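Same order as they appear, the protein sequences are chains A and B. The first sequence maps to residues 1 to 319 in the working numbering. The second sequence maps to residues 1001 to 1251 in the working numbering.
Incorrect hints may have been included.
[Claimed, not checked] Part of the chain A face toward chain B, derived, beta carbon under 7 Å: (1) 147; (2) 184; (3) 198; (4) 199.
Calculated directly from the structure, the hints in this document are not laboratory data. Remember, predicted model here, so these are calculated numbers, not experimental data. Every residue, glycine too, gets a C-beta built ideally from N, C-alpha and C.
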Amino acid sequence: MSAVLPTVKSAEVGAQRIVFGVMVAFFLIGPALGMYPVFLMKVMCFALFAAAFNLLIGFVGLLSFGHAMFLGTAGYVCAHAAKVWGFTPELAIVAGAAAAGLLGLIAGLLAIRRQGIYFAMITLALAQMIFFFCLQAPFTGGEDGIQAVPRGKLLGVLDLSDVWNMYGTVLIIFLAGFLLIYRTVHSPFGQVLKAIRENEPRATSLGYNTNRYKLMAFVLSATLSGVAGATNALVFQLAALNSVHWSMSGEVVLMNLVGGLGTIFGPVVGAFVVLAMENYLATLGFWVTIVQGAIFVLCVLAFRRGIIGELGRLIRKPL
Amino acid sequence: MADDTILETRGLTKEFKGFVAVKDVSLKVRKGSIHALIGPNGAGKTTCFNLLTHFLTPTRGQIFYKGQEITGSSPSAIAQMGLVRSFQISAVFPHLTVLENVRIALQRKRGHSFDFWRSERVLSELNEEARRLIDAVGLAEFENTVAVELAYGRKRALEIATTLALDPEMMLLDEPTAGMTHADVERISTLVKRVAANRTVLMVEHNLSVVSTLSDRITVLQRGEILAEGDYNTVSKDPRVVEAYLGAGHA
C-alpha cells in the first residue's frame, strides 16, 4: 500500500522532468534554429509572467484582471533605476520586483476580501489607477515611456549590451523563477493553496486563516510578475505604457487559457503561441486581433484544458 | 455545574431581513457529552450551527467556549481553539487524495504551512499518523483514491477522519448521516460513538433513531426557539415535541 503513492508521484515527476528538459533545450538551441534572440527573450519574460499569473488562477483559483500593473510598474521602476539612478542591472531588477511586490501587498490586502468577479473587478480598477499614474507621473515619460535604458554590466562585469550575455541572463532568471513557482506549487504551502481552491470553507474550518495564504500567494505572484516586467524592460531598453494597459492583463489570461490553466508548462507554451502569433502574423496588421480572437474562441470551445492540459490528459499525467 | 459546561450560548439571536431564524437560544453543552440538536425543517438548526462556528455573525447574544467569550472570534481562530465543525454537504477537498485530505489537517499544527520553498516531501512524515486516522474510519484501501471518486458515505467518513486529525476537544457535526444508506448510517453512528469517547460532540441530526442511540441530551428547536430539552425519553414524550413533528392531533 505504502509503495503505491511514491510510484504514482515519481511517474508524474518523470514526465515533468522530460518536458522540462525539452523546454530548456528549446531555449538553448532556439536561436540556432533561426529564431530571433530578442523574440525568445520576450517569450521567456512573458512565460515567467504567465506562470506567475497561473500560480494564482490555477492553484488558488483567484482570477486577477490587473496583473499588468505588476509587470508595468516593475518595468518603470527598473528602467528608472538603471537609467537615472545608475543601478547595475541585477539591482535594477530587484528594485522593480520589490516595487511590484509592495504594490501586490497593497492590492492584495484590498482584493482578497472579495471572491470571483468582485476580486477581478477590484484588481482591474487598481490596475487602471496605476495606468493613469504611469501616464501622468513626471518620471515615466508619459506617452513616450522611458527610452534608451542602459542594460549595464551584470554585477559590474558582464556587459549585457552583448546580446548573448543578455540572452543567458534572461534564461537563468526565467528558469529560476519557473523553478521557484514549481517548488511553491509542490510545497506544504502549495498544498494549503490547493485545499483553499478546492474548498475554502472547509480549509477555514480546519483552522486555516485562508486570507493570509491567499495574500501570500498574491504577493508572490506579483513579485515574480515584477521580475518578468523588469527583465523585459532591460531586454527592450524600454518601459512603455502598453505594459500597464488593461489589454496586457487580458493577454496573460489568454496565454494561460491557450497553454492550460493549472498546469506547470501551460503558461510557457501559451506565452510562446500568443507572442509568435503577434510576431509572425504582424504583417497581417489588424487581422492579428481577429486571428487571436478566433483562436481564443476555439480554445474555449474545443479544448478547454489548453494545449498542455489536453496533452497531459492524453498521457494521463499532469504536466 | 458551570465547571463542566464546555459550550454555552446566552440569548443567541439571528435575524435575516424581516425573519428571525434563531431566537433567544440559551444552550449549555456538558463536557464529554453527545448533545443533539433536533427539530423540524426550518427550525434554525443549521443557522444555529453556523453561528456557533462563526460562519454567520449573531444579531444578538453571546457564545462562550470553556468559559471564554468567543462571540467575536474568526472561524479559523475558533478551529484553532479546538472547536471544529463538519458540514451538511460533505466537505472534502475533491481533487486531492484521501491521504492528502487528512494531511492538510495534520499539517497546520506542524507549523510549516507557509513554507513555499520546501518540498512537499517534508509532509511524508505525517503519512503514518494520517494512515492511522484513515484506517480508523475504514478507508485504508482508499488512501490513494482521489476524494471526488469516493461513494457518499465514504466521503463523510473521510470528513470525520480529517476533523479527527485536528484532535479537537469538541466536534460540531452537521447532519452526519444525512443522505446515507442504511449500512453507512450504522457505520457512521458507531464511528461517532467511538470518537466521542473522550470528546464533546454537538450534532444536528434528522435521523431520530441515530439521535436516540447516540445522544445523552437533546435540545429541540422549533421556529428558531428552544421547545424542549432533556434526554431522549423525556423529549420524545413531551406532547409539544410530538405536535411539532407530527402536527396537532397526534399528541
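Comparing the hints with the structure gives:
For residue 147 of chain A, the suggested interface contact is broken, since its CB lies about 37 Å from the closest CB of chain B, more than 7 Å. Restraint check, residue 184 of chain A versus chain B: the minimum CB separation of about 4 Å is within 7 Å; hint holds. At a threshold of 7 Å, the smallest CB-CB gap from residue 198 of chain A to chain B is about 4 Å, leaving the interface hint in force. At its closest, the beta carbon of residue 199 of chain A sits 5 Å from a beta carbon of chain B; the interface hint therefore holds under the 7 Å criterion.
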